[in-house]
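J.: Chain residues, written in single-letter form:
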Amino acid sequence: MCSDSAKQGAHVAPLSSKAASGRRLWSRPWGYPESFALTVSIAAGGFTAEWLTGPPPLAYLAWPFNLFLALGLIAFISLFRLFRDRRAVRFVTSAPMSVALMVGLGSLSLIMGFLPQAPVPYQLPENPAASVRLGLDHLTSSWPLALLYLCLLISLGATFLVRFSSKRLIFLANHLGLWLLLLAAGLGAADRQREIMTVYEGGLEWRTQRNDGRTAEMPLAIRLKSFDIEEYPAKLAVIDHKTGRPVAEGGRMALWQLDPVEPNGRLLDYDLEMLEFLPGAIPIGDSYVKAIAGAQVQAAKLKVKNLKTGRTIEGWLSAGESFRPPKPLNLGGQRLLAMTRPEPRRFVSQVKVYTQEGREFESTIEVNKPLKAGSWLIYQRSYDTEAGRSSEWSGFELVKDPWLPLAQAGFILWALGSAGLIIKGRGRHR
Amino acid sequence: MSWSWHDYLGPISVILWLLGAYLALKNRKSALYLIASGTLVSLIFIIGLWLRLERPPMRTMGETRLWYSFFLSTAGLMAFRHWKYSWLLAFTSVLACIFALINLLKPEIHSRSLMPALQSIYFVPHVTMYMLSYAVLAASAVGSFIQLRNIKVKGKADKALYDFIDNVVCVGLGFLMLGLITGAVWAKEAWGHYWSWDPKETWALITLAAFLIYLHLRLSSVRDVSPTLVLLVPPIGLILLMVTWIGVSYLPSAAGSVHVY
Ligand code: HEM
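Residue numbers (this note's numbering), protein chains in the order written: chain A, 1 to 430; chain B, 1 to 261.
Hints are computed from structural coordinates only; laboratory data are not their basis.
Computed from a prediction, not measured in an experiment: that's the story for all the values here.
Heads up, the beta-carbon is just placed ideally off N, CA and C, and yes, glycines get one too.
Check the hints yourself; a few may be wrong.
Claimed, not checked - Think about it this way: if two alpha-carbon atoms lie no more than 30 Å apart in a straight line, the pair counts; the simulated BS3-like pairs of lysine-lysine are: (1) Lys-369/A to Lys-200/B; (2) Lys-225/A to Lys-400/A; (3) Lys-200/B to Lys-400/A; (4) Lys-84/B to Lys-301/A; (5) Lys-301/A to Lys-242/A; (6) Lys-301/A to Lys-290/A.
Said to hold, decoys possible - Have a look at the derived ranges for each label pair, beta carbon to beta carbon: (7) Gly-213/A to Leu-104/B: 50 to 58 Å; (8) Val-124/B to Pro-260/A: 19 to 27 Å; (9) Arg-168/A to Trp-50/B: 39 to 47 Å.
What the hints assert, rightly or not - Not everything, but these chain A residues come out facing chain B in the computed CB check (under 10 Å): (10) Arg-194; (11) Leu-329; (12) Trp-414; (13) Ala-419.
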């Protein structure tokens with residue numbers, strides 16, 4: 001796999017041999033200095049364009065213009081294959097060029113890594129500060145990134161074509177995979193659509209809300225049959241009456257999580273035993289019973305022994321929700337045992353989907369389990385957090401990305417290439 | 001097996017690893033057995049905790065440290081079988097100890113809950129790949145330091161060590177990229193898009209770029225690029241990697257990141 005570099009005998013050469021520092025810039029063959037000079041110039045050009053004209057109008061790159069651009073790009077890098085013996089082509093597809101471009105893009109990413117970035121699509125504010133005018137708060141959709149991205153696409157694609165050889169499968173999989181992915185992610189950006197839809201239980205909805213307050217009509221409609229939250233067993237904390245705060249231990253809030261399998265435990269100076277656990281309950285007087293339907297809360301009956309005083313008490317606990325007050329257990333000595341708000345285990349929307357073509361089907365939508373409907377994917381996104389389990393609506397995100405298959409092909413190839421690198425390593429230099 | 005078991009099993013692993021590291025530096029064969037036993041103990045605890053929690057123990061920082069310790073010492077053992085570098089075995093064992101010690105000295109709240117977004121078939125491979133790559137790439141940085149010293153002191157680089165560093169970077173990069181790919185595919189399923197410039201994503205990309213730069217720099221001859229410069233890249237990459245793993249949460253850019261825990 002490393003036949004080319006082995007030939008150069010890079011690591012056998014004595015280290016004392018001076019780098020060819022006497023060489024003048026732009027004298028051939030071009031190498032690192034020229035690659036970096038070119039990359040820096042392109043980035044500088046990008047920043048200048050950003051300063052003078054604002055962010056690039058990437059929205060114009062929508063279908064079918066991005067397709068034309070992609071085809072143009074492929075035609076352009078095919079020329080590199082035709083003229084692969086030219087010095088310029090060797091320069092563009094050289095290791096120094098790839099290093100310079102990666103350093104360039106890595107540096108832009110480093111800025112993004114430190115400075116918070118504005119969400120896309122980006123709107124330049126009135127009277128922007130100098131850093132904003134340079135694009136530092138929206139590098140993801142700025143001229144310098146767009147230009148270097150394009151250069152990387154050209155160089156990477158040309159490298160792949162020029163160095164194509166059926167003996168270098170790992171090299172090919174990595175470079176082609178990354179290239180396809182970058183192409184789909186970059187050129188497909190303007191075709192990606194995200195819409196937010198809120199549906200009430202029992203209701204039917206086909207309109208989405210945009211950020212600017214407008215609504216859009218979707219080629220599909222969703223009826224929300226029900227929305228449910230399943231919860232984890234809650235955690236208990238001891239609250240100090242005077243401060244109203246949970247008691248800490250070792251700098252952190254002391255917590256004990258209920259566990260139907262393991263009812264015994266310890267929290268601070270208390271021995272706890274869970275006598276009963278009801279994931280969905282309704283209060284009756286001072287105790288709780290299993291709920292059959294409707295608004296419900298988590299409740300547990302506990303036996304608590306104070307290890308210092310030896311006193312034992314028993315009682316019901318519940319965290320309460322918007323419509324139900326919490327029910328703590330008084331431990332005496334200015335202390336309460338309280339149930340914290342249980343954490344959600346699953347959000348499930350039962351839906352019926354109607355498409356424009358007249359198809360209809362029932363399904364569920366959960367976090368991590370989007371539903372496919374035609375060219376759209378429907379994601380579980382939000383619910384009424386105030387109401388919690390009795391939320392009457394469910395928020396969905398509808399996403400369409402026509403370039404996804406290309407990106408997926410890229411991911412698969414790249415993953416194969418990665419596996420190849422792990423299995424083969426770099427080999428030994430001869 | 002709950003976290004309280006770690007108070008007993010943790011120190012056993014630490015002692016086995018430390019003794020093993022010491023013996024490895026003395027070139028004793030018994031080092032291998034001690035380190036392997038320490039690794040086995042840590043694996044047993046991980047499996048026990050997994051069964052107890054009924055979810056993969058990969059959510060909290062403390063849990064990922066368990067894996068990091070385990071993978072580090074495993075990677076050290078495997079690399080030793082291949083490369084026979086005893087300093088490497090000692091290094092990975094000591095590093096594994098450090099992370100086990102952090103877990104002993106700074107226990108964190110250990111919750112059983114796993115929020116819905118983390119309940120995915122990609123969760124385990126994603127974290128595993130990253131922990132594996134971190135372990136392997138850490139070794140490449142140490143190798144680079146030793147090579148830098150070779151150049152300074154002996155005036156000559158060790159060719160076999162270059163082979164080692166290059167191979168380790170390739171393997172580590174492979175895992176790093178698989179971690180990134182599984183993460184991206186998972187993001188598509190959880191949030192609708194495979195890349196959204198979340199700060200953790202951005203930093204993972206920067207880290208990836210650093211090690212890719214090393215790989216491509218090594219394709220040039222020493223006449224074109226100074227070996228010292230090239231050998232500085234893996235240590236810098238390791239620093240970037242630590243920022244990605246631990247530091248991101250403290251950066252201004254991380255407000256609102258989905259990865260902060
Ligand atoms: C997914 C990330 C990448 C991986 C895993 C990767 C891996 C590799 C490997 C293993 C080689 C050595 C091939 C051999 O010796 O047979 C190589 C060579 C090369 N790569 Fe990459 N690379 C990646 C991204 C890039 C990028 C972004 C560029 C930018 C243009 C690039 C440009 C090059 C060039 C110019 C060579 C030299 C080819 C030669 O001399 O034959 N690579 N790459």
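J.: None of the hints should be skipped; say for each whether it holds.
T.: Hints, verified against the model:
Between Lys-369/A and Lys-200/B the alpha-carbon distance is near 23 Å, which keeps this suggested pair within the 30 Å criterion. A threshold of 30 Å between alpha carbons decides the hint, and for Lys-225/A with Lys-400/A the separation of about 24 Å falls inside it, so the pair holds. Only pairs whose Cα atoms come within 30 Å are accepted, and Lys-200/B paired with Lys-400/A is accepted, the gap being roughly 24 Å. For the suggested pair Lys-84/B and Lys-301/A, the alpha carbons sit about 60 Å apart, so the restraint of at most 30 Å is broken.
A threshold of 30 Å between alpha carbons decides the hint, and for Lys-301/A with Lys-242/A the separation of about 25 Å falls inside it, so the pair holds. Our distance criterion of 30 Å between C-alpha atoms is met by Lys-301/A and Lys-290/A, whose separation comes to about 12 Å. Remark: the range hint 50 to 58 Å for Gly-213/A to Leu-104/B is upheld by a beta-carbon distance near 54 Å. Checked against the hint of 19 to 27 Å, the C-beta distance between Val-124/B and Pro-260/A comes to roughly 25 Å, which is consistent with it.
Against the hinted window of 39 to 47 Å, the Cβ-Cβ separation of Arg-168/A and Trp-50/B comes to about 40 Å, which satisfies the hint. Interface restraint check for Arg-194/A: the shortest CB-CB distance to chain B comes to about 6 Å, inside 10 Å, so the restraint holds. Annotation: Leu-329/A was flagged as interfacial toward chain B, and the flag is violated, the nearest CB pair being 21 Å apart, outside 10 Å. The criterion of a C-beta within 10 Å of any C-beta in chain B is met by Trp-414/A, whose closest approach is roughly 6 Å, and the hint holds.
The interface hint given for Ala-419/A is met, as the beta carbon of that residue sits about 7 Å from the closest beta carbon of chain B, less than 10 Å.
Consistency note: the structure conflicts with the earlier hints numbered 4 and 11.
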